[in-house]
Structure formats: structure tokens, C-alpha cells
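There are 2 protein chains.
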Amino acid sequence: MRESYHEELTAVVDDLVTMTDHVQVAVQEATQALLSSDLGAAEKVISDDAVLDRLHDDLEQRCFVLLARQAPVAGELRTLVAALRMVADLARMGDLAAHIAKIARMRYPRSAVPESMRPNFQRMSTLASEMVEIAGRTLKERNVLDAQKMADHDEEVDDLRTHQFRVLLDDSWSHGVEAAVDCALLGRYYERIADHSVLMGSRVIYIVTGLHPDGENWTIA
Amino acid sequence: MRESYHEELTAVVDDLVTMTDHVQVAVQEATQALLSSDLGAAEKVISDDAVLDRLHDDLEQRCFVLLARQAPVAGELRTLVAALRMVADLARMGDLAAHIAKIARMRYPRSAVPESMRPNFQRMSTLASEMVEIAGRTLKERNVLDAQKMADHDEEVDDLRTHQFRVLLDDSWSHGVEAAVDCALLGRYYERIADHSVLMGSRVIYIVTGLHPDGENWTIA
Chain A
492 MRESYHEELT AVVDDLVTMT DHVQVAVQEA TQALLSSDLG AAEKVISDDA
542 VLDRLHDDLE QRCFVLLARQ APVAGELRTL VAALRMVADL ARMGDLAAHI
592 AKIARMRYPR SAVPESMRPN FQRMSTLASE MVEIAGRTLK ERNVLDAQKM
642 ADHDEEVDDL RTHQFRVLLD DSWSHGVEAA VDCALLGRYY ERIADHSVLM
692 GSRVIYIVTG LHPDGENWTI A
Chain B
492 MRESYHEELT AVVDDLVTMT DHVQVAVQEA TQALLSSDLG AAEKVISDDA
542 VLDRLHDDLE QRCFVLLARQ APVAGELRTL VAALRMVADL ARMGDLAAHI
592 AKIARMRYPR SAVPESMRPN FQRMSTLASE MVEIAGRTLK ERNVLDAQKM
642 ADHDEEVDDL RTHQFRVLLD DSWSHGVEAA VDCALLGRYY ERIADHSVLM
692 GSRVIYIVTG LHPDGENWTI A
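So the protein lines, in turn, are chains A and B.
Following the numbering used here, the numbering of the first sequence begins with 492 at its first residue and continues without gaps.
Following the numbering used here, the numbering of the second sequence begins with 492 at its first residue and continues without gaps.
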């Protein structure tokens with residue numbers, strides 16, 4: 492029983508890593524939908540979100556069963572606690588990617604992002620995607636070596652969002668209200684994907700060290 | 492041990508109800524900050540959010556300890572599973588109220604919401620606050636009698652948000668980009684508070700019936 496329990500715990504973490512890969516693909520495809528007006532990519536992200544939701548439900552259930560039946564302690568308990576939080580993070584990140592894809596689909600064949608804002612969103616989406624990747628690698632390897640890179644990326648995402656607001660609230664903004672509202676919401680979705688990536692990193696720190704780093708700045712752990 | 496365990500489980504649910512009350516106050520005060528340009532109310536919601544975060548951390552920890560040490564089954568397991576999800580819902584609702592308060596503070600002494608949009612936001616905030624209240628009462632009394640009211644409120648919130656977009660994207664919108672962006676984000680925050688209230692209701696259905704209702708429409712359970 493204990494052996495199959497350890498195997499099941501390992502399988503839960505492996506499946507979380509796989510789910511993180513799926514989320515990264517969703518973020519990349521949502522960006523493709525948004526910045527290349529790719530309707531097929533948008534539809535794919537939106538329909539694949541149901542797959543992520545099923546993965547969430549399955550993984551969450553397995554964590555609760557392990558918690559309830561095995562009375563884990565110390566590192567194993569921390570792993571299950573962290574896994575439960577991460578699976579919720581990942582489901583939410585999938586939802587956010589789907590929100591981006593829905594805005595892309597709504598404006599198709601136009602792009603929701605005006606030409607002048609594209610470099611900002613290109614960079615923001617690249618950072619968000621890389622942060623998801625770092626979160627997955629950190630979980631897979633149980634190390635926190637990429638913590639500084641995650642923190643730097645997160646800071647840059649925040650700066651990009653501040654810049655977005657500066658541009659779209661400036662008197663020189665000529666793209667109208669709809670584009671401004673789209674950009675404000677899109678910026679928030681990418682920022683939230685980045686936030687959840689940082690939180691995932693902080694969950695790994697919790698697994699490894701037992702400490703709760705500040706979600707806003709996981710390098711303090 | 493079992494007795495103190497049952498007492499602790501009861502205390503966890505009681506504290507969740509109390510936390511729901513705090514969240515309802517936060518939503519009401521954030522609305523006061525927003526619609527009455529009340530800077531004091533805004534500051535209070537923002538600083539009280541840290542209290543909600545501490546309640547979250549404390550309650551979550553206690554749930555994990557109960558799960559890990561007591562190996563609960565059936566109704567008790569469901570209660571703990573649901574409690575863990577609800578405490579995450581409530582922390583997030585507190586964050587959203589703080590986001591509303593921050594927009595109110597940023598635009599003070601002006602109001603972020605133009606006069607023509609105030610009835611919409613007044614109604615939306617009333618519905619969101621009532622939904623939080625229904626969620627708390629449903630949890631406290633472990634009954635789902637208010638399910639239809641929750642569903643009706645949620646539908647009205649969605650309609651109000653659709654209406655917001657229609658107004659602020661209309662050619663006749665004369666309040667500029669900043670007000671449009673503020674309203675789009677504020678509408679999203681209230682909508683998310685309503686969503687989490689619905690989810691809380693669905694968690695109670697899960698406790699009582701063991702069934703997972705569709706989060707979007709908890710009356711199907």
C-alpha cells in the first residue's frame with residue numbers, strides 16, 4: 492500500500508508537470524490567435540480548456556484521496572498541499588488563456604491589439620509563456636535555481652502593464668474605446684498568468700523548504 | 492481525540508461563515524468607496540485585505556492538518572474538501588474587493604464611474620453583495636434553498652456586464668478611454684465576486700449531496 496502510495500504521489504507530480512506543459516501551449520496558441528489573427532488557434536485554445544478542466548478535476552480528486560487515506564506527514568504532506576494549490580493555479584491559467592483566445596475570436600479578422608501596442612504584447616506574452624515553462628521545470632526538478640529569472644520576468648510584466656495603461660490612457664491614443672478596453676483586459680489576463688506562475692514557483696519552495704515565501708516575491712524564501 | 496476533531500471541524504466551518512461576513516463587508520465598503528468617492532472606505536478595504544489573507548492562511552492550514560491527521564471519510568471528507576476550496580474563493584473575493592477600492596482611490600476625489608453608468612454599478616454591486624450573503628447563509632445552514640435566487644442574481648450580473656460593454660463601446664460614449672477602461676475592469680471584478688459566490692454555493696451542494704454541480708449553474712445538482 493505504501494509503495495503504491497509513493498508511486499501515486501510521483502504520478503500526481505508528473506501529471507502536474509504535464510498539465511503545466513498543456514497550459515504553456517495554451518498560452519502560446521492564445522497569443523498566436525491574438526497577434527496573428529489565427530481563428531483556428533483561438534478555437535483550439537477555447538475547446539482545449541475543457542481538457543484542462545478535466546485534468547484539474549482528476550488531479551484534485553487524487554490529491555484528496557491521498558490526503559485522506561494515507562495521512563501523509565512532512566515532505567509528502569507539503570507535496571500534496573502544494574499540488575492542490577498548483578492544480579488550481581493551472582486550471583485558472585487555462586481559463587485566462589481561453590479568455591485571451593475569446594477576445595481574439597471576437598475581433599477576428601481584425602486584431603484586438605493595435606499595431607503600436609503589438610511589441611508590448613509580444614514581449615508580455617513571451618515572458619508569460621517563459622514563466623509557465625520555468626514553473627513547470629522548477630516543479631519537475633524540485634529546484635529553485637530559476638527563482639531570480641522568474642522574479643525578473645514578473646517585474647518586467649508589471650512594467651509592461653504599467654506602460655500599456657500609460658499608452659492607452661494618453662491623449663494621443665487614437666484607436667478608440669474598444670481597443671483600449673480589449674488591451675486593458677488582455678493585459679490583465681497575461682499579468683494573472685504570470686502571477687500564477689510565480690505562485691507555482693512559491694509552492695515548489697514550500698515543498699522543498701517548508702517555508703511560505705511571499706507570493707509577490709518568491710526570492711525572499 | 493475524535494471529539495476535539497469534530498469540534499475543530501465545526502470551528503472551521505464557523506470561521507468560514509465569519510470570513511464570508513468579512514468579505515461581504517469588504518464588497519459593500521468597496522462599493523461605498525467607488526460610488527460615494529469615500530477615500531476612508533477605500534483605504535479600509537485595502538488594509539483589511541491583509542486580515543482576510545491571514546484568515547485564509549490560518550483556515551487552510553487547519554483544514555490540511557485535519558485532512559492529514561484524521562483521515563476523514565464521507566461527509567467529513569467532503570466538508571474539508573469544500574472548505575479548502577471555499578477559503579480560496581473567499582481570499583480571492585477579498586482581493587477583488589481591494590482591486591475595486593484601489594481604482595476608487597486612484598480616481599479620488601473624482602468617481603471612476605460616470606453618472607450614466609452608476610445605476611448599472613449600483614445594481615451590480617448590490618447583487619454581488621447579496622450573492623456573498625447567500626453563500627454565507629447557505630454554508631451556515633447547509634441548505635440550498637436559495638439556489639434559484641443565486642442563479643437568478645448571477646444571470647442578472649451577466650446581463651449587467653453585457654450592458655456595460657454595450658454602453659461603453661457605443662459611439663455615443665463621451666467619457667473617454669480612462670473611464671471606459673475603469674468600468675471594464677470594475678465590471679470584471681464584480682462579475683468575478685459573483686462567480687466565486689456561485690462556486691461557494693456549489694461547494695455546499697457538494698457537502699450535502701456529494702455531487703459536483705456545474706459551477707456555472709448550480710441548480711442542476
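Among the hints, a few may not be true.
Heads up, the list lumps identical chains together, so a pair's fine if it works in one copy or across two of them.
Said to hold, decoys possible - Listed next, the in silico SDA-like pairs over lysine to any residue satisfying Cα-Cα at most 25 Å (straight line):
#, residue 1, residue 2
1, Lys-631, Thr-509
2, Lys-593, Leu-660
3, Lys-593, Asp-662
4, Lys-593, Phe-555
Note that these hints are calculated values from the structure, not bench results.
Model, not experiment: these values are computed from the prediction.
- Message: One pair to classify: Lys-593 and Phe-555, alpha carbons no more than 25 Å apart. Within, between, both, or neither?
- Response: neither (33 Å within a copy, 36 Å between copies)
- Message: With identical chains, the pair Lys-631 and Thr-509 could be close in the same copy or across copies; at 25 Å between alpha carbons, which is it: within, between, both, or neither?
- Response: within (10 Å within a copy, 38 Å between copies)
- Message: If the cut is 25 Å between Cα atoms, do Lys-593 and Leu-660 qualify within a copy, between copies, both or neither?
- Response: both (24 Å within a copy, 17 Å between copies)
- Taking 25 Å as the upper bound on the Cα-Cα distance, should Lys-593 and Asp-662 be classified as within, between, both, or neither? Between copies, since 23 Å is at most 25 Å while 28 Å is not.
This entry does not satisfy hint 4, going by the numbered hints stated previously; all others are met.
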